[in-house]
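Colleague: Listed here are the chains, written in short residue letters.
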Amino acid sequence: MSVREAVSRPAGRDKQPAAAATRRTPSRRQHRRNRRTSGSWWIPWLFLAPALILFVYFKFIPMAQAISMSVQDVRPYLGNLYVGAANYTEILSSDGFRAATWNTILLAVGQTFGSMILGFALALLVEGQTRKLTFIRSAAFLPVVVPIAVVAELWRIMYHPTGDGLLNQLLGLVGLGPSGFINDPDTSLASIVVTGIWRGAPYDMMIFLAGLAGIDRGLYEAAIVDGASVRQRIRHVTLPGLRAVFAILFVLAAVRGFRAFTEVFLLTNGGPNGSTEVVMTLIYKLGFEQNRLGVASAGAVLLFVATLVLTVCVQLLRRRRVA
Amino acid sequence: MSAATETALGLTENKSPAAKAAKLVIYVGLFFVFAGPLLALLVSSFNHVSDPTQLSVVPKSPTLDNFRIAFDHGVLKYLLNSFFVVGFGLLLQVAVSVLAGYALARKKFPLMTLVMVAILATMMLPEEILALPLTLVLADVPLLHLNLMGTLAGMIVPLGAWAFSILVMTEFMKEVPRELEEAARIDGAGEFRIFGQIILPLCRPALGVIGVFGFTMIWDQYLLPLLVATNSSAYTLPLALRTLRIDPVVTPGVVMAASLLALLPSVTVFLLFQRSFARGLTSGALKG
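From first to last, the protein sequence lines are chains S and A. Residue 33 in the numbering used here sits at position 33 of the first sequence; the count goes up by one each step and never skips. Take any residue in the second sequence, count from 1 to its spot, add 323: that is its number in the numbering used here.
Just so you know, the hints here were simulated from the structure itself, not pulled from any lab data. Any given hint could turn out to be false.
Claimed, not checked - Short, incomplete list of chain S residues facing chain A, as computed with Cβ under 7 angstroms:
| no. | residue |
| --- | --- |
| 1 | 125 |
| 2 | 142 |
| 3 | 311 |
All figures in this text were calculated on a predicted structure; none of them were measured in a lab. Just so it is clear, CB atoms sit at the ideal spot from N, CA and C, and this is done for glycine as well.
Could you put the whole structure together from the sequences, leaning on the hints where they help?
Modeller: Set out below in structure tokens:
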């Protein structure tokens with residue numbers, strides 16, 4: 001190594017390394033590589049070490065801890081007691097958790113389908129290469145990159161429940177309202193869904209646009225030659241071409257709905273009257289306000305299982321349809 | 324190929340005045356639905372907004388009072404905290420991902436598949452769900468027995484374990500031709516030299532993707548900082564918005580001013596690196 005470094009140009013700064021390599025015989029090259037890679041088995045582990053340590057500390061240990069706490073009565077300073085499935089039966093039989101599960105499902109379904117339908121419509125409308133469209137796309141995408149805490153504070157003000165709140169003024173223009181929005185148990189969950197769609201639809205739009213770009217333009221041409229209307233073209237060419245995109249967005253958006261915390265925490269914190277309590281806000285309250293770590297962990301494990309089942313199911317369905 | 328076949332709807336080719344007007348209405352509508360609320364935020368942070376009904380997109384007597392009051396309430400400190408967390412967090416995340424990506428993409432070693440699967444599996448683990456036990460780990464880090472609760476370090480260290488960035492780096496590094504590496508080896512370059520001077524400089528697009536995504540992800544974080552920041556001196560700006568709002572003497576205008584400061588960094592990063600953003604969005608999401 002030292003000899004070669006001394007005689008040849010400095011390694012790594014070489015401008016045509018590929019050309020240099022071809023000058024040497026393949027057998028010699030092979031030999032050198034084998035000797036080098038076999039002599040240093042620990043090199044990959046050295047490069048992996050920081051990642052492995054951090055993943056063990058901040059992903060795997062917490063996961064193991066969640067599972068182990070979920071079968072224990074966690075008592076700080078007193079030592080934990082093994083209680084078997086008691087935490088699970090307790091949380092599953094509590095009305096609060098059932099209501100929260102139902103709210104979470106409603107929130108996830110509303111946000112998922114709302115964002116996907118609106119996102120798909122947006123994608124169709126802003127597809128194209130003109131400068132105007134690029135501008136509209138960037139503007140529409142802004143909600144996605146605004147921190148969720150800002151989104152929640154902003155919508156809190158827009159949802160002001162009196163007639164002169166911003167959104168109520170708009171509702172007034174079309175002769176509706178005023179609505180209580182997040183302050184009314186009947187509309188609070190729907191209001192959170194709307195805020196979620198406002199932030200989720202542009203994200204879905206971007207993914208749909210990428211999917212649309214991948215559709216074979218020849219198929220559109222063929223559809224026109226066959227005399228298909230725009231509606232038929234979308235139904236028979238565009239939608240089938242986006243099937244994989246739909247499946248992925250469905251999983252992403254549904255998981256996003258399941259794990260919803262910040263927007264609920266900041267907009268309503270589960271209120272009014274528990275009408276927007278979701279699983280994550282319930283876990284937060286159990287774990288941090290009431291210090292019931294065992295029961296809270298059981299809830300977290302259940303939520304994790306739900307997201308896992310959902311992901312696996314959609315993947316399986318997708319695979320079967322492709323096959 | 325005619326213009327009619329370039330998009331699904333074929334909107335661009337319709338040049339009749341009615342169609343043009345309809346398109347204009349749609350685009351202006353879209354703009355106001357998605358950018359309008361942010362415009363209201365921007366304007367209101369420079370207006371006197373003493374109660375929520377005065378939120379508006381019309382500027383009246385612009386003032387910097389909101390920002391002045393926000394700074395009196397420590398917003399500058401919270402902003403600096405946020406920058407500290409995002410700066411060191413992103414540095415750690417990128418460094419860890421680049422190193423791990425190199426091993427996973429360019430090396431063959433026993434247990435490699437297991438390591439890869441273990442890392443990727445954590446992508447299915449929403450961080451909200453892990454937040455609770457994670458705080459217990461942070462309160463007493465195993466073996467080291469450190470208590471990171473209430474410190475910014477407690478928010479930063481967990482950011483190093485981010486599977487998405489490792490995935491992006493691994494996929495990209497696989498594409499770098501073997502010949503480059505072999506040539507460098509023959510010329511006597513060592514492992515770290517190949518990594519630092521051959522592979523890494525070629526991965527600039529992937530670095531852009533994980534940088535931009537890491538930044539917005541970290542800036543957007545809420546639950547973990549909320550749990551880790553046991554006292555307000557460790558608050559990041561997003562956390563401080565709630566305390567500002569609850570404070571009875573603080574007006575919505577001040578909350579909007581602080582919100583503007585909280586959204587500017589991530590919006591700026593997005594606008595500057597839109598290309599990286601689009602690339603990451605599609606590669607990350609479509610590979611699932």
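Colleague: If a hint holds in the structure, say so; if it doesn't, say that too.
Modeller: Now for the hints, and whether the structure bears them out:
{"no.": "1", "hint": "125", "result": "holds, 6 angstroms"}
{"no.": "2", "hint": "142", "result": "holds, 6 angstroms"}
{"no.": "3", "hint": "311", "result": "holds, 6 angstroms"}
Comparing the model with each numbered hint stated earlier shows that all of them hold.
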